[in-house]
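S.K.: From just these sequences and the hints, can you work out the full model?
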Amino acid sequence: MKKILFSVVGLVLLCACQDAPSQNEIAARAAKAYYDQLLEGKYEQFVDGHYQPDSIPAVYREQLVANAKMFVGQQQSEHRGIRRVDVVRADVDTARHAGNVFLTFLYGDSTSEEVVVPMVFQDGLWYLR
Numbered sequence: 002m003k004k005i006l007f008s009v010v011g012l013v014l015l016c017a018c019q020d021a022p023s024q025n026e027i028a029a030r031a032a033k034a035y036y037d038q039l040l041e042g043k044y045e046q047f048v049d050g051h052y053q054p055d056s057i058p059a060v061y062r063e064q065l066v067a068n069a070k071m072f073v074g075q076q077q078s079e080h081r082g083i084r085r086v087d088v089v090r091a092d093v094d095t096a097r098h099a100g101n102v103f104l105t106f107l108y109g110d111s112t113s114e115e116v117v118v119p120m121v122f123q124d125g126l127w128y129l130r
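Residue numbers (this note's numbering): 2 to 130.
Do not take every clue at face value.
As the list claims (entries may be wrong) - Distance condition first, Cα-Cα at most 25 Å in a straight line; then the derived DSS-like pairs of lysine-lysine:
1. Lys43 <-> Lys70
2. Lys70 <-> Lys33
3. Lys43 <-> Lys33
Stated by the list, open to error - Pairwise CB distance ranges, derived in the manner of DEER restraints:
4. Arg84 <-> Arg30: 39 to 47 Å
5. Gly109 <-> Pro22: 16 to 24 Å
6. Asp37 <-> Asp124: 17 to 25 Å
7. His51 <-> Glu79: 29 to 37 Å
Note that these hints are calculated values from the structure, not bench results.
Ideal Cβ positions, reconstructed from N, Cα and C, are used throughout, including at glycine.
M.R.: Dropping the structure here:
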């Protein structure tokens, strides 16, 4: 009887230890995905990845898209573009629904830069803040 009980408890513990991604990992993946969209020229999707508590006017949205394009252009002229974005780590506070993701931008001129990306958790998704 004890062997069966220990086997059942062991099986339950094994099932409970599945590799579900942590909130740190989910926030990091979201931040990387948003910046990958930026590098692919999907400026509208990058802007949509920013948390907006209310709807924004179309003119303001157009300005945000233009700013994203200018940022990519500036990185192109200063560093021959951002070639890749890698995740360093993420630190999230699930009680406050906020966190920071640390990314490394790898530039075309062989330099790199670590940036902090503030994130906010809203309606089941991580957004850029």
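S.K.: All hints, please: hold or fail.
M.R.: Status of the hints after comparison with the structure:
1. Among the hinted pairs, Lys43 with Lys70 is consistent with the structure: their alpha-carbon atoms are about 9 Å apart, no more than 25 Å.
2. Restraint check: the Cα-Cα separation between Lys70 and Lys33 comes to about 18 Å, which is no more than 25 Å; the hinted pair holds.
3. Taking the CA atoms of Lys43 and Lys33, the gap is about 14 Å. The hint holds against a cut of 25 Å.
4. Checked against the given bound of 39 to 47 Å, the beta carbons of Arg84 and Arg30, roughly 19 Å apart, lie outside it.
5. Between Gly109 and Pro22 the CB atoms are about 31 Å apart, so this pair departs from the stated range of 16 to 24 Å.
6. In this structure the hint that Asp37 and Asp124 lie 17 to 25 Å apart at CB holds, the actual value being about 22 Å.
7. Checked against the hint of 29 to 37 Å, the C-beta distance between His51 and Glu79 comes to roughly 23 Å, which is inconsistent with it.
Of the numbered hints listed earlier, those contradicted by the structure are 4, 5, 7.
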